[in-house]
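Put the two chains together into one complex; each comes in its own frame, and the hints tell you how they fit.
Quick mapping for you: the protein sequence lines, in order, are chains C and Y.
Under this note's numbering, the letters of the first sequence match residues 1 to 449, in that order.
Under this note's numbering, the letters of the second sequence match residues 1001 to 1448, in that order.
Each hint should be verified, as a subset may be incorrect.
Said to hold, decoys possible - Distance ranges between label pairs, derived from CB positions:
no.	chain 1	residue 1	chain 2	residue 2	range
1	C	Lys23	Y	Asn1291	37 to 47 Å
2	Y	Arg1279	C	Leu240	52 to 62 Å
3	C	Pro132	Y	Phe1431	26 to 36 Å
Simulated from the structure, these hints should not be mistaken for laboratory data.
Note that this is a predicted model, so its numbers are computed, not measured.
Note that the Cβ used here is the ideal one computed from N, Cα and C, for glycine as well.
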Amino acid sequence: MATPVIMPRLGQSVEDCILAEWKVAPGARVEEGTVLAVIETDKASFDLESTAAGTVLELFWEEGDDVPVLANVVAVGEEGEDASDLRPQKETAAPPPAVEAAQVPVTSSDASAPMAPVAVSPGGSSEAGVSPRARKLALHSGIDPETIQGTGPGGRVIERDVEAVLAGRPRLSASAAAAAREGGLEPPNHGKGLAGMALAGDMLEPGAIEGAEVEPVKGIRKLIAERMMQSLSNTAQFTLNSTFDATAIQNYRKRKREEMEDSGGPKITLNDLIAHALIQTLKRHPALNAHFLGDRIARFEEVHLGVAVDTPRGLMVPVLRSVCSKSLEELSVGIKELVKSCLEGTVLPDQLSGGTFTLTNLGMLGIDHFTPVINPPEAAILGVGGISLRPVRGKDGEFTPAECITLSLTIDHQAVDGAPAARFLKDLVDTLENYPGEDAGQKNGEETT
Amino acid sequence: MKYDLAIIGAGPAGYVAAKKAGGAGLKVLLVEGKKLGGVCLNEGCVPSKTLLQAAKTYHHALHGEVFGVEVSDVRFNFEKANAHKTKVMDGMREGIAGLMKKRKVEVAFGKATLSEGRKVTIDGETHEAANILICTGSSPTRPPIPGIDGDNVVDSTGILQLEQLPKSLVVVGGGVIGCEFACFFGSVGVPVTVLEALPEICPTLDPDLAKILRGELAKKNINFHVGAKVEEISESEVKYSVNDESQVAQGDLVLVATGRRPNVENLGLDDLRVDYDERGGIKVDDRCATNVPGVWAAGDVTGRAQLAHAASRMAEVVVHNITGREDRMRYDTIPSVVYTSPEVAVVGLTKEQAEERGLQVTTGKIPMSINARYLAEHPGERGLCKVVIEEGTRRLLGVHMVGGACSEMIFGAATMLETELREEEIDEIVFPHPTTSEVIKDVFMAVR
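So here's chain Y without its partners, still in its complex pose (with noise of 0.2 Å):
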């Protein structure tokens, strides 16, 4: 059979590889391996997101005094929470199978090898394509620590699959996955610790952030250990090390959350050709166009900006490419959340960034708590407010927040810097009153 588009993945790169390139009127293959929607759907932002909502949930009924709602014999149940997510992610699994029905996409489902010319095999079965689009995603690493195939450790991949709370949990590794799942454990009352080998948690974010964002956290029953060396996992305890000093950190269940490396294995991808980067990821152009004529690359197999949302604008821009729409990534503009309580969202350069590019930049930050909207929701809560603005230009290059739920507002600053707002036209924008987007109109006033 011969196709227009052959999709390897059916995550949030291939599904939407799929949708717009069969709306397109293109005749597509999309081939998955496990389930549709990918990672994201099934072993990532989807179940994770459930569970945290249902955290928060669980927090305002234990702490809805201050608002003056007072609730006695508050329990959390765990099992009820796994078959919201569960529903939640059948219902979205649904909705992508009906989705490829709908744009005429077909799926096979089954392990896809790829072969000179732009070959497709599944299951014995070979199929051409004029073009193909590998986005197999990523996986969690597996650092070479002592005890981490102990049956106490998991993955962030296992986590989701627990049907009891541990007593107690360890998290190697303090970065965006690592402080979801401590705030999801810690909120519903497992002791957490979270160890980080670097000096900060989410080290690739604005310090400022990162610091409010590790004390806000911490006063759900998770501490954190930064510059924290692991050095073995057993049965009950974690042992590290600070500044050489061994310390242990005790916990029935231990995460490993160090990082996710990409899907390249097992593909047939050095018979096609296809050139890596230095990351081990396929390496791609800014069109997502690998070495090789007609394959594509989109999502966490490039080793690029490891987020859902950049995927799918990755699977966009290939597709667009493929249809003669000249079209280019921007990872500039890409917003990253973490989807703890509370939010951090950013999007854009981090003066750090921006001075490494060599541009003269200066900041202003805000507390969120001069925001009406904010202290009435958020009482007791640290948010800040942070924005990069170039010198001399006045352009915005980058807005940092912690506080609230943000991540619903990030977009709004994306916009600013896809049409490269400067401070003066952000000036004539209305933000509604009162809301807590206001911050980022408010936060101007704070640049010096």
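This is chain C alone, in the form it adopts within the complex (with noise of 0.2 Å):
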């Protein structure tokens, strides 16, 4: 009997998933645990694993449409099985909205002839049609007549098109134009072969560009441009820049690695010990830690720390939540746990969301300072530079080396203003500078003096 795969939840939030790419098709066999999609949430990307064992009897759902969770989106079974009785009922959809043409402006080389305006639409020619012999020369030349965009009488596809199309392209070779008209790939707009001839090896794929390796704007990609593009578009951005010495980070740093070594626990990092330390001062400061929701700003008491991750699929921004009470080992592991699930591909979508303050990292891909962009609706966010060596006045008057670190705070100016801002960034650098310090000391079991 014919077994169908939905679309998991994949989390309290999600109602929806994008059906990225298929990876499968049908007639595949498949086992339990084999990828049959990529699958997008608007946070991350999965792979959707099938449930069954047997044969793809039917794909319900294209590439890039938006399945409601739950839904079926594979039938397995027997070969030849029918699989008409799992196929999801689907909301009719609207008529795709009618592309915008690209105007391609193509240049005829041909001084005497007519310059005819020529654009590349998809579909666009079809109402007026095409002439027989601008029909015979387009499929002669490996051209799609359909997507020339006529002169003729209401817009109809005359010779004159095609010729003026051609003008700006080179010749084919054979083999060329059986890539044209076969495979529809595109040609460059000077080949390799015989005086220019276009050669099979030059054909472009379409939309492809000569010279660069084009790959479609999808999956995490796509979701970090939108996101990236909403924070600078919605948002007042401001950054601020400070430094700190790192001497008192580092000793403890030092002494808490000793002492792992004997007990065992988590090697502590730099950036754990200045998550630690913000958390800390973030609590002193409640203005930072908010969400900005354009007629209402939520100040948060919990801090739920955002922190952004470099993984093979791009950035990913996985949230540690309620870290208030946390103590400095709690942390480390932590965000440890947080940043191997972002590398292994096993993130939740819920992991992904809710944080009420980001922190940034380049420090170890040796930048000094930079602009960190404000998780929306987050009312900033921290970035963390790279270690340098400054002078550092003594109280002897002398001038020693000292190891420092910039931190480039960048704030919402619609929630925050640039004083606040600065007094949480002194507070946070008194706190690394004196770090563990009283409150800190406490929370980790150390001795205060």
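So, in structure tokens, the structure goes:
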């Protein structure tokens, strides 16, 4: 009997997922756990695994479709079985919006020929039609006449229009013409063959750009692009930079490492220490631990810390929840687990939302300071730079070199003003320079002196 | 004096570049250290082909009885053959000199030294040029074999200076040059032994072709020993070993034809900071540009496609690029020919080369003897035509021929490759009947 594979509910807040890419075709043999498709929420992308073994009978959706959770996605069963009963009820799709014609001017090399404005518009010419002569010339030249903007009566594609397109293109070799006809490939501006003739190897995928590797914007990249633009267009971003002397946290880290070697605890990193000091400081500055919601500002009691992670699939910002009362060790372990799940692709959608403040660190890549981009609706984000040596004047007035780290705080000026943000940053610098301090020391079971 | 283009070397790259650039109105200086025409005209292609035609004529005279032509008292007069050779070379050289004059190319004889800033010094006189084309060709290699400096040892240049035929000849190296000379001397009655280190002669050829060529040449007084490592050359013999077994080839003359190396020394190239490639040639891109702006290289000096017509094409590409026409080398479509009897002519990829590039291919081959014209003109000679086709697209990737005068029809195959014709289109081309060229059409019937 045919079995459906359904769209899983990937989180409490997830109502539908985009079917980004099919990994199987009808007729494929699958086992339980075989990846059927890549699906995306608005936060990340995931593999949809088969929950049944057998032959793929039918794919119910097309790439790019928004699939409601729990809807049937694929039917798996015995070869030749009928799966029509499992077809999900879909809302009647609205006709796709008309695609704006991309105006691609094509220069005619023949000065006496009238300059026909040529545009490539899918389906644009179908109403007025294509003249037989134009069609014949287009097909002989490996051009789809339906993609040409006509200049004849009512926009009819006439021979002149095809000639204008051809004038802007190189001649095609026999194999290149076949690639255009059969594979839908497009010629480059200048071929590598006889007197600029386009060879089969010169032909480009539609949308390809010569000398560049072109890939569609999809998956995580698309999400990042949308969220970044949304961030920059909906917030008033303002960045403050400050530097702190890292001697205190470096010393503390060394001490912790030695302790941990004996006790087998987590390896504490500078980022863990900065995160810990940041959380302590945020507690004193709730204006920075906030969401700007347009007509309201929410200041949170608890800190839910977003941590920017560089993964092979792109930037991800998992959130470590309720960190105010976490010890340094708990924090370190929590961050490490989140990073690992992002790198392995096992992070859950719910772990990728709900942050109140984000920490991003490019210090290990040799960056001194940078301008972090706010993760809306959060009101602020802290960027951490790398270690550099700076002269510090000691109590005796002598300059000694000290390891310093730059902090870059971007705030949404809609939610916070510059002075309170500067006071927060100064407080954070003081906290880091006097780390672990009294508060933190007690939390971590340190003896206070 | 300031030139648009200074060309160093007047071989098939240099004089073609000069002719084209002069024709395009550039102010051109052509520098030659020896004679106009370079190795090709004076020490290579042209004299060797003249001699090979002499050998062919002699062969026809001797073996005409199959056609009912009975000739007695046939003699080969080497002196007269040489005289014809000299006459052809002189005529060609005069032609080039006339052409240079017509195209207003300044020709300077002497040794050119290049220096930074695109300067060319000839006999103490320094000129500047916006562009420099280096096409100084190549020279025969001299492998480190004991006895190679003996008076009885010649290279491909020296063997063309002979005034008398040797009594017997040993050829070290069964490549194209070795086979062509073996064919000449064998055809005019000199016993020849060819020693080739690799398992087959002409190793760049399709193996089927090389095997047939070896078989046909063996009918002309030529003994082939493949897998032969030459150990020592003495006055009347060459010691070599096959599978570690020592053997001796007798011969009063030894031709060493083990390849050619680019002429890059004493030109001032290091001062120009020109890069070399791993073969020791001047490194060029597909427009024949070196790493130094305004400095170009063409022909054997680049170590690529050591063929006169490849050199000429590279020269054209250089002049096109200098004069603003985008052009680039397409090495895959350059034909190559072995001018033996029978001739070998190939263009494009062999099955092995295509598969190395990850292409899925299929091949077809037919014997030349199914062709009426071939059978009429070459009784008893074996020949073969083989094509390599890409699976799926059915695009022609290579044509490989041995038999008769196939060098004269390989350009047709080159045209098919340049325009990337597929089986479907070639099927509609009309070939005149009866011609040997019909094998190129018929061979597709054998493609599976």
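Structure-based check of each hint:
1. C:Lys23 with Y:Asn1291: 37 to 47 Å: Hint holds: Cβ distance 46 Å, inside 37 to 47 Å.
2. Y:Arg1279 with C:Leu240: 52 to 62 Å: holds, 60 Å
3. C:Pro132 with Y:Phe1431: 26 to 36 Å: holds, 34 Å
Going down the numbered hints, you'll see the structure goes against none, and every one checks out.
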